[in-house]
Amino acid sequence: MNIVVTIKQVEDPATPPSHMVLGASGKSVQSVSGVPRVMNGYDANAVEEALRLKEKHGGKVTVVSLGDSSARNTLKRAIAMGADSCVLLSDPQWELLDSFGTATVLAAAIRKIGNVDLVLCGRQASDSDAGQVLYWLAEMREFPVASPIVKIEESSADALVVHSLLEEEYQRLSVKLPALLGISSEINEPRQPSPKGTVTATRTMVPTWNAAALAVGPLTCKVDMTKLEIQIRTGKAELIEGADGAARGRALADKLHQLELL
Amino acid sequence: MAGILVIAEAAGTGVTRESLETASLAMRLAAAMQQPVCGALLGAGDLANAAAQFQCGFSALLLVESPQLATYVAQQYVAAVQSLIAKVQPAVVLFPHTAKSRDWAPRLAAKIGSGLVLDCVNVTVEQEGVTASKPMYGGGVLAKLVVHGDPALVSVRAGIFECAQLSSGGAVERMELPQLAAHPGIQHLESISIEGAGGQRLKDAKTIISGGRGIGEKDNWHFIVEAAAALGAAVGCSRPVADAGWVSSSSQVGLSGALVAPDIYIAVGISGAIQHLAGISSAKTVIAINNDPEADIFKRADYGVVDDFKEVLPAFVERIKQLRS
Numbered sequence: 001m002n003i004v005v006t007i008k009q010v011e012d013p014a015t016p017p018s019h020m021v022l023g024a025s026g027k028s029v030q031s032v033s034g035v036p037r038v039m040n041g042y043d044a045n046a047v048e049e050a051l052r053l054k055e056k057h058g059g060k061v062t063v064v065s066l067g068d069s070s071a072r073n074t075l076k077r078a079i080a081m082g083a084d085s086c087v088l089l090s091d092p093q094w095e096l097l098d099s100f101g102t103a104t105v106l107a108a109a110i111r112k113i114g115n116v117d118l119v120l121c122g123r124q125a126s127d128s129d130a131g132q133v134l135y136w137l138a139e140m141r142e143f144p145v146a147s148p149i150v151k152i153e154e155s156s157a158d159a160l161v162v163h164s165l166l167e168e169e170y171q172r173l174s175v176k177l178p179a180l181l182g183i184s185s186e187i188n189e190p191r192q193p194s195p196k197g198t199v200t201a202t203r204t205m206v207p208t209w210n211a212a213a214l215a216v217g218p219l220t221c222k223v224d225m226t227k228l229e230i231q232i233r234t235g236k237a238e239l240i241e242g243a244d245g246a247a248r249g250r251a252l253a254d255k256l257h258q259l260e261l262l
Numbered sequence: 001m002a003g004i005l006v007i008a009e010a011a012g013t014g015v016t017r018e019s020l021e022t023a024s025l026a027m028r029l030a031a032a033m034q035q036p037v038c039g040a041l042l043g044a045g046d047l048a049n050a051a052a053q054f055q056c057g058f059s060a061l062l063l064v065e066s067p068q069l070a071t072y073v074a075q076q077y078v079a080a081v082q083s084l085i086a087k088v089q090p091a092v093v094l095f096p097h098t099a100k101s102r103d104w105a106p107r108l109a110a111k112i113g114s115g116l117v118l119d120c121v122n123v124t125v126e127q128e129g130v131t132a133s134k135p136m137y138g139g140g141v142l143a144k145l146v147v148h149g150d151p152a153l154v155s156v157r158a159g160i161f162e163c164a165q166l167s168s169g170g171a172v173e174r175m176e177l178p179q180l181a182a183h184p185g186i187q188h189l190e191s192i193s194i195e196g197a198g199g200q201r202l203k204d205a206k207t208i209i210s211g212g213r214g215i216g217e218k219d220n221w222h223f224i225v226e227a228a229a230a231l232g233a234a235v236g237c238s239r240p241v242a243d244a245g246w247v248s249s250s251s252q253v254g255l256s257g258a259l260v261a262p263d264i265y266i267a268v269g270i271s272g273a274i275q276h277l278a279g280i281s282s283a284k285t286v287i288a289i290n291n292d293p294e295a296d297i298f299k300r301a302d303y304g305v306v307d308d309f310k311e312v313l314p315a316f317v318e319r320i321k322q323l324r325s
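Residue numbers (this note's numbering), protein chains in the order written: chain A, 1 to 262; chain B, 1 to 325.
Think of the hints as simulated: they come from the structure by calculation, not from any bench. Any given hint could turn out to be false.
Below are the DSS-like pairs computed for lysine-lysine, each with C-alpha atoms no more than 27 Å apart in a straight line [to be verified]:
id, chain 1, residue 1, chain 2, residue 2
1, A, 176, B, 100
2, A, 236, B, 284
3, B, 144, A, 27
4, A, 255, B, 284
A few chain A residues that don't get close to chain B, going by computed Cβ distances all over 12 Å [claimed, not checked]:
id, residue
5, 52
6, 68
7, 208
8, 217
9, 224
10, 255
11, 257
Cβ atoms here follow ideal geometry from the backbone N, Cα and C, with glycine treated the same way.
Put together the whole structure using the sequences plus the hints.
As structure tokens, this is what we get:
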């Protein structure tokens with residue numbers, strides 16, 4: 001099975017807003033002082049699931065990431081986990097792409113990789129939280145798409161049975177390959193890189209494909225960011241006091257009752 | 001293309017609260033644009049009653065009623081909304097952000113090449129065009145995004161706007177659901193309801209009590225369940241609790257779970273990770289019970305108790321019962 005996983009390097013989602021600053025353009029966010037960027041959480045689940053499918057069916061796992069040169073670190077992490085090869089998609093004109101633009105670049109990369117049976121993407125990214133790239137990508141490649149996937153129940157060389165989550169139910173879907181899946185966190189626990197994988201990753205040269213290499217022309221966004229604002233919450237809870245835990249519990253009830261909240 | 005199309009989801013014999021909230025944003029935006037709003041309602045059953053609940057002074061109300069919408073099939077929704085757009089020719093389409101719309105809307109956007117922003121907390125008309133405000137970075141950042149396209153597509157987060165008022169409007173018109181050939185790539189085998197999600201729906205709940213890692217162990221979970229039963233609250237949890245398998249992940253509140261908008265949110269043993277706080281950003285009053293006074297949840301909470309939940313919670317619930325009787 002020839003699998004491509006799209007991954008994104010993001011600011012550590014545990015970073016509180018008080019440790020965020022706007023980038024020079026005012027349209028990106030950075031962590032202050034040395035908090036390393038990480039692989040988007042759902043993308044790590046997608047890498048893990050790809051490795052499990054490869055272990056079962058054989059084949060190859062290629063990870064691709066659209067980003068600046070620092071995204072090499074995240075690609076190398078996927079190699080250390082066990083991915084076979086990686087490509088960085090990078091070009092100065094791709095700095096502020098929307099979902100449509102990102103998908104256009106990824107679609108070109110997948111076309112260039114060729115003979116892809118399955119594309120796995122994280123269901124959404126923890127930074128921009130757009131949740132759209134995988135759908136645009138599926139449309140451009142004319143792949144059937146399902147998301148968010150919480151389980152791959154069966155897999156064969158030409159079809160999968162997957163569980164796709166809705167509000168209060170999940171749907172069992174049969175998906176014919178080639179296809180694209182948006183992977184959710186319920187599906188697995190991503191493995192840590194092995195010592196051997198880490199050595200392999202260190203030695204890996206990450207190839208870069210730019211706009212010329214992918215024959216991608218200038219892209220006009222469907223959605224343009226005009227402004228970002230960091231939201232710092234400075235509030236403080238009113239603490240309910242009492243002689244002991246039970247007394248505090250009762251005092252809380254009284255307080256809420258008095259405010260006609262409960 | 002002109003005007004606004006607002007698309008509601010039917011629920012039971014009525015419409016969802018989020019649909020009415022989205023309608024009120026549509027009316028506000030329409031006033032700013034000086035353009036009309038057309039309503040539309042999608043559902044499987046008889047929509048007559050739902051239509052009566054969704055009369056918000058629209059220029060017209062379109063009903064797409066088909067048993068084929070009973071099971072969610074993305075292509076079916078995409079085709080239905082595409083036919084609505086073809087008929088109404090709106091400049092902007094608004095709809096509530098739900099598990100369904102976060103799936104069909106990006107498919108539709110990609111198909112028709114329209115700009116789309118999901119899960120917005122406001123939409124305004126600025127010099128640059130239709131502008132959506134969207135929380136990013138787990139709610140730590142608010143982005144303003146200009147949405148291009150004919151039409152521009154925007155889904156609206158629950159719990160931000162008041163419900164639209166009922167008011168008479170234009171004619172109600174029924175539309176046929178476009179017939180689709182079965183999708184060659186995807187076949188729906190069955191729908192399975194998730195254990196434990198049968199109770200009160202989290203995102204509709206007025207009161208939610210959630211437990212986090214601070215509950216300590218699965219055997220302590222009954223404290224949360226009993227308190228929820230006594231308060232008439234829905235049960236939620238934080239991600240570590242869902243990951244540990246104490247509760248179904250369908251109860252998970254946060255960025256990767258449910259985004260909720262209750263009047264009262266009681267967080268028990270929840271530290272207040274940013275991903276969790278993003279899920280409760282629309283909660284009106286937040287109460288935290290946690291024995292760690294440094295927990296971030298106290299920065300978000302309106303009221304807090306720093307103590308062992310095993311002592312606080314039962315006494316709190318008993319007192320509430322007394323006060324109510």
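Outcome of the hint check:
About 22 Å separates the Cα atoms of residue 176/A and residue 100/B, which keeps this hinted pair within 27 Å; it holds. For the hint pairing residue 236/A with residue 284/B, the CA-to-CA distance comes to about 15 Å; that is within 27 Å, so the pair holds. Distance check on the hinted pair: residue 144/B and residue 27/A sit about 10 Å apart at the alpha-carbon level, within 27 Å; holds. With a C-alpha separation of about 16 Å, the suggested pair residue 255/A and residue 284/B falls inside the 27 Å cut-off, and the hint holds.
Remark: the non-interface label on residue 52/A is consistent with the geometry, its nearest Cβ contact in chain B lying 18 Å away (cut-off 12 Å). At roughly 18 Å from the closest C-beta of chain B, the C-beta of residue 68/A stays outside 12 Å, upholding its exclusion from the interface. Non-interface call for residue 208/A relative to chain B: holds, since the shortest CB-CB distance, roughly 27 Å, exceeds 12 Å. With a minimum CB-CB distance of about 16 Å to chain B, residue 217/A clears the 12 Å threshold, and the non-interface call stands.
Against the 12 Å criterion, residue 224/A falls within the reach of chain B, whose nearest CB is about 4 Å from its own CB. Distance to chain B contradicts residue 255/A as a non-interface residue, since its nearest Cβ pair spans about 6 Å, not more than 12 Å. Here residue 257/A does not stay apart from chain B, with its beta-carbon only about 5 Å from theirs, under the 12 Å limit.
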